[in-house]
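Okay, here's what each chain looks like letter by letter:
4 protein chains.
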Amino acid sequence: MKIIQLGMVGGGRSSQIGDSHRVAANRDGLFKLSAGAFDKDPLASVEFGKKLGIDSSRAYADYRAMLQQELTRDDGIDAVSIMTPNGFHFEMASAFAANGIHVICEKPVTTTVEDAIKLAELVKDKDIVFGVMYGYTGYPMIKQAREMVRNGELGEIHTIKSEFAHGHAMHTVEQEKEGAAWRVDPKISGPSFVLADVGTHAYHIAGFVSGLKPIQVCAHLTSVVRTRPLEDNAFIWLKYPNGANGTVWASAVATGNQHGLNLRIYGSKASLQWHQERPNQLIYKQTSMSTKIYERGADDLYPAARIERVGVGHPEGYFESFSNVYRQFGQAIQAKLANQSLPVDYPGIDDGIQGVKFIESCLTSQVSGQAWVNL
Amino acid sequence: MKIIQLGMVGGGRSSQIGDSHRVAANRDGLFKLSAGAFDKDPLASVEFGKKLGIDSSRAYADYRAMLQQELTRDDGIDAVSIMTPNGFHFEMASAFAANGIHVICEKPVTTTVEDAIKLAELVKDKDIVFGVMYGYTGYPMIKQAREMVRNGELGEIHTIKSEFAHGHAMHTVEQEKEGAAWRVDPKISGPSFVLADVGTHAYHIAGFVSGLKPIQVCAHLTSVVRTRPLEDNAFIWLKYPNGANGTVWASAVATGNQHGLNLRIYGSKASLQWHQERPNQLIYKQTSMSTKIYERGADDLYPAARIERVGVGHPEGYFESFSNVYRQFGQAIQAKLANQSLPVDYPGIDDGIQGVKFIESCLTSQVSGQAWVNL
Amino acid sequence: MKIIQLGMVGGGRSSQIGDSHRVAANRDGLFKLSAGAFDKDPLASVEFGKKLGIDSSRAYADYRAMLQQELTRDDGIDAVSIMTPNGFHFEMASAFAANGIHVICEKPVTTTVEDAIKLAELVKDKDIVFGVMYGYTGYPMIKQAREMVRNGELGEIHTIKSEFAHGHAMHTVEQEKEGAAWRVDPKISGPSFVLADVGTHAYHIAGFVSGLKPIQVCAHLTSVVRTRPLEDNAFIWLKYPNGANGTVWASAVATGNQHGLNLRIYGSKASLQWHQERPNQLIYKQTSMSTKIYERGADDLYPAARIERVGVGHPEGYFESFSNVYRQFGQAIQAKLANQSLPVDYPGIDDGIQGVKFIESCLTSQVSGQAWVNL
Amino acid sequence: MKIIQLGMVGGGRSSQIGDSHRVAANRDGLFKLSAGAFDKDPLASVEFGKKLGIDSSRAYADYRAMLQQELTRDDGIDAVSIMTPNGFHFEMASAFAANGIHVICEKPVTTTVEDAIKLAELVKDKDIVFGVMYGYTGYPMIKQAREMVRNGELGEIHTIKSEFAHGHAMHTVEQEKEGAAWRVDPKISGPSFVLADVGTHAYHIAGFVSGLKPIQVCAHLTSVVRTRPLEDNAFIWLKYPNGANGTVWASAVATGNQHGLNLRIYGSKASLQWHQERPNQLIYKQTSMSTKIYERGADDLYPAARIERVGVGHPEGYFESFSNVYRQFGQAIQAKLANQSLPVDYPGIDDGIQGVKFIESCLTSQVSGQAWVNL
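These protein sequences, in sequence, are chains A, B, C and D. Take 1 as the starting number for the first sequence in the working numbering and just add one per residue. Take 1 as the starting number for the second sequence in the working numbering and just add one per residue. Take 1 as the starting number for the third sequence in the working numbering and just add one per residue. Take 1 as the starting number for the fourth sequence in the working numbering and just add one per residue.
Note that the list lumps identical chains together, so a pair holds whenever it fits in one copy or between two copies.
Capping the alpha-carbon separation at 27 Å, the derived lysine-lysine pairs in BS3-like fashion look like this: (1) Lys124 - Lys336; (2) Lys269 - Lys177; (3) Lys50 - Lys336; (4) Lys51 - Lys336; (5) Lys40 - Lys51.
Don't read these hints as lab results, they were simulated from the structure. These figures come from a predicted structure and were not determined experimentally.
Assemble the whole structure, with the sequences as input and the hints as a guide.
See the structure below:
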């Protein structure tokens with residue numbers, strides 16, 4: 001299989017998400033990072049690329065230059081990873097997609113549903129692989145959870161509680177930390193802060209594991225830090241077609257919470273719990289019975305969850321989850337490059353649309369005074 | 001101090017809550033259980049009383065008989081504990097109160113706010129001690145949490161998340177288990193199942209610790225077991241006067257959850273977490289800092305939390321919490337009997353009214369299609 | 001069944017163990033505390049008895065006086081609980097036993113094996129019930145563990161690791177706290193501090209659950225607080241007849257440890273772990289498989305473990321464990337008083353002898369420079 | 001800085017440790033894996049190298065061939081990682097060292113102390129960097145623990161308890177799993193199984209954190225799986241020069257234990273606990289005080305522990321620890337290649353010697369019937 005030549009837009013300097021993408025792309029030998037528009041400042045982009053071993057001629061200050069130049073090269077990039085502020089995703093992703101470059105894009109894929117749908121049409125037209133970086137679905141125990149649901153071990157699901165509530169924006173980090181300001185600036189971030197930043201993960205993982213898609217949302221959004229033009233705390237209710245109900249709590253002001261992505265799913269027979277901060281364990285509970293703790297790498301997991309990279313008890317973490325998702329992207333892109341039809345399971349443009357619909361519907365519910373809004 | 005002569009209404013046969021009250025009343029030598037209407041069946045009441053060492057002449061089949069007879073005795077009861085189904089609380093509590101008998105009543109204190117207010121007036125008129133059995137507030141770490149809030153260790157509170165979500169009614173226990181049916185029968189239980197049964201605890205403990213009283217609620221109630229005429233799952237949003245927000249999740253269908261009372265409070269400086277299933281610990285977290293686990297009995301607790309009954313590391317549990325609340329009731333009653341004015345801190349009729357208001361407002365919000373309702 | 005009239009020796013003033021015995025004796029209506037030699041100071045004994053509702057004529061300053069007087073009464077004590085410093089156990093227990101009074105004695109039952117054997121002969125001669133207060137064996141999950149071993153769920157046991165390592169004597173508490181000094185004074189405590197105080201619990205619980213009795217010990221004892229004439233830290237190795245091996249760690253200087261009683265048992269098929277500080281859970285693990293957490297009160301426990309006093313999820317603790325042991329003592333005594341032969345399962349004089357043998361053999365091993373000593 | 005050209009000996013096919021080394025070497029751009037003797041079978045070595053992108057001319061069947069060939073190349077390897085069975089370490093490491101190739105060697109560095117000392121002399125002579133893969137010391141919280149000890153936060157250390165007790169060899173894996181047999185074959189593994197395999201890690205990490213070196217050991221070794229010629233379970237006592245005492249438990253038969261590396265250190269002021277299976281947390285406890293849980297990435301850690309690769313709450317794991325150790329090796333080698341003297345802190349040949357001394361002394365103690373043996 002061809003090693004995928006990868007470009008990056010954003011992710012330079014001290015970007016944590018940039019490093020996460022690179023570690024993930026680098027893990028399984030599927031990708032080679034060959035080009036990047038890491039920084040708006042041309043010198044900074046070159047300097048950053050140099051540290052990564054990228055030829056200075058392929059370290060760009062602008063994604064357009066990168067696209068143009070790389071298209072002219074025989075060894076030009078096959079795919080691009082986009083990790084800029086949200087407001088740029090649509091324009092950039094569209095440009096690459098239009099030119100047949102496969103795209104891996106940070107969430108939320110766009111800032112409006114309209115754009116997301118346009119992008120989806122382009123993706124279909126151009127027949128490219130389009131991955132959305134819902135990176136937490138790469139955890140093996142999340143796969144295990146999905147398999148357990150699919151195999152009926154929970155019975156009929158009736159209640160889904162999902163949280164992504166951290167506390168790192170309890171203070172006005174936007175005034176203190178370069179790189180944090182854009183998230184609360186509607187011109188760059190789009191119309192949402194915390195839903196777009198973390199709520200969309202909580203929403204996605206709930207659907208990923210449960211296999212259920214909600215039909216209505218009701219949202220109660222606030223800005224705990226009152227100077228913020230965008231919401232930093234969101235309480236959401238969800239209605240599902242089978243009568244199930246759910247909640248999402250997204251917060252950037254859950255003081256002292258370190259990460260805060262948690263999922264609890266309750267069915268007629270049993271429930272599951274998973275906490276991103278202890279990702280190697282999955283808790284299974286039945287009424288009045290002893291608890292079962294599934295452990296990553298254990299022999300009694302479903303095959304789909306046996307994607308561990310090291311034996312049981314040697315903890316895996318965040319980077320392995322991201323790497324697992326990138327591996328799926330890579331396999332999908334390699335298959336496409338080879339004109340093969342590989343049934344690869346990765347978060348794609350449909351997940352992207354769903355994620356933006358969720359955000360947009362919540363915003364609509366909020367301005368309507370907590371009305372139920374169709375998804 | 002006089003040992004309080006105590007009567008009981010309800011709590012016979014296999015009642016778990018009956019045993020809990022008796023163990024609590026018996027723990028500190030403040031009460032002597034001397035009479036009881038333990039069962040509607042006269043023989044069963046006598047037999048049950050016998051097991052408890054109660055004279056058969058004082059084991060009644062009816063609370064009215066008990067009230068009448070005990071009033072005629074020199075050594076008649078000073079106080080009564082009421083642990084019947086909710087629908088009887090108002091009538092019974094009123095009858096004892098009207099005759100100057102101090103009352104300890106299970107929650108919810110009545111099934112309507114109107115009744116609760118009437119009862120409060122009677123309590124005031126008759127100048128009796130009226131305790132409402134919010135038994136989980138007796139945990140030392142709940143006292144510690146309240147002190148920490150009072151002393152500003154959390155800063156200004158902005159988010160309160162409280163849950164009491166168990167799974168023991170995921171099956172139709174009302175059809176299987178004698179003693180479970182009444183809870184979902186509106187004629188006996190009143191207009192609410194899960195809010196009245198456990199939601200009121202979650203609501204009370206949030207207020208107890210935070211010191212905040214919400215001004216509006218918005219409720220989304222469902223019956224996961226669809227044959228139930230009353231709600232078995234409740235998602236609630238709360239608005240507080242200072243702009244803070246809260247949620248309550250009450251459920252009897254959280255499959256596999258064993259108890260499920262949890263409290264998380266977030267302030268501008270730090271947050272607290274407490275889980276009833278690990279009651280000896282209280283978790284304190286500040287942004288990006290190491291976590292502190294306060295331990296019951298430790299030297300760095302506030303004096304108000306130093307009510308442990310055994311040294312740190314020897315786990316206390318549910319019975320100690322209930323005993324601590326009864327000790328407060330007992331001290332209040334002893335003080336009253338001695339015409340002393342002791343500043344005793346116990347959940348009283350005002351907490352009772354608040355609890356019923358919460359339930360009633362949630363029901364109103366639900367029938368109005370998730371409208372915000374003033375508390 | 002007759003309510004057992006109980007006397008106490010020791011346990012007055014601020015004694016924690018005294019309170020523990022009283023709470024336990026009082027829990028199930030089997031005992032009535034009627035007399036006590038709570039304190040060497042006659043006034044203190046009377047005053048303390050008064051608080052407990054004991055007639056001043058039955059609050060003694062001396063156990064001999066109590067024995068003499070109570071024997072003359074029609075309603076004299078049937079049984080006595082002894083919770084004095086270790087050095088007095090033999091003399092006191094013998095005196096009551098010799099007069100046909102049933103005895104519940106704190107561990108270690110004597111300070112020498114010779115005395116323990118003499119006492120056992122007396123117990124047999126007088127046909128009395130003799131309980132030794134290994135109070136931690138009353139935990140339901142300890143019963144569950146024993147049943148699992150008995151039913152072969154662990155396979156053949158090969159390794160047993162038991163710890164009782166707390167840190168409350170890291171400082172020279174003997175100089176700071178009245179009531180702590182005797183434990184490190186050989187004249188009152190006997191030849192051992194930490195083995196007699198807590199090590200004997202760790203040893204007993206290992207045998208209780210595993211059903212195995214070691215044949216040899218090898219001991220490495222030290223005084224971390226160097227001014228102490230007795231050991232405050234003990235590392236012990238044990239050899240079992242089937243080739244199994246074990247360790248005991250007993251410590252009073254495990255700085256920061258709050259309680260520290262833990263048990264881990266490994267067999268050919270699976271292992272169990274139990275931690276006294278989380279007593280409602282029992283951890284079961286098989287090679288490369290998911291973990292099972294047995295929960296007190298759950299439906300999948302063995303009947304012998306279904307002795308919970310409140311439903312699953314409502315935490316029980318230390319006092320329930322002690323109460324469960326007292327209930328067994330009480331049932332054994334009641335059966336004896338009624339000349340019945342009830343197969344009651346309680347820690348008795350044989351456990352007492354074993355416990356003293358363990359201590360004595362460890363001391364012998366230590367003075368022989370870590371020789372293996374037969375038990 | 002020059003990118004280090006790295007060769008590997010061993011680690012092919014399904015080797016878990018091989019993958020761990022490669023991931024670690026690859027993480028920070030310091031190394032480039034350019035050559036390898038991955039397998040004794042020449043074709044297998046080439047095929048395995050191919051998967052890794054290594055030129056077939058540089059995939060060798062024998063370490064000697066690799067050494068010889070690579071020395072002739074301008075772009076030949078600067079360093080070699082050795083991850084063969086223990087019995088080959090000395091010969092291989094010596095060969096590379098003798099030719100000025102820097103060496104990273106799996107533990108134990110040799111099978112005899114004599115060899116280890118010879119090797120150390122060679123390392124000194126040739127002035128090469130020699131790293132021993134005590135990979136668990138790369139965890140940030142282990143650095144934090146060491147800093148806390150160094151800064152006196154524990155006071156004087158008196159007790160060290162270290163365990164590496166897993167259960168994956170409870171069954172006769174040597175008969176079932178290719179690649180497992182050598183560990184219990186004295187001809188290939190050397191004179192020890194479990195001490196050499198995992199015990200040496202437990203020993204090393206105790207010294208790394210505490211800064212203390214024991215002076216005597218006493219060992220009780222057994223083969224729980226009786227057909228094994230080498231020990232699979234080891235109980236060790238350690239004496240330290242300051243009067244402190246320690247224990248090591250190493251086991252491959254701790255049924256159900258998944259990994260089992262744990263460290264507890266007790267000082268006069270406080271204690272620390274760390275569990276490899278929850279590596280992002282470090283537990284700090286003082287007598288009768290609340291517990292502090294230090295969290296990887298938190299702001300209140302020592303600078304030496306601020307080597308996190310992603311923010312607090314995003315769990316890091318095993319691979320990050322190994323990567324951190326490789327980074328130290330890489331920096332040391334780069335400095336050496338550049339003739340710089342960089343104060344790099346990595347487990348080196350002295351740690352290697354200590355580790356072998358520990359094993360050898362334990363074996364001596366065992367054959368002497370649990371005698372105390374000088375280290």
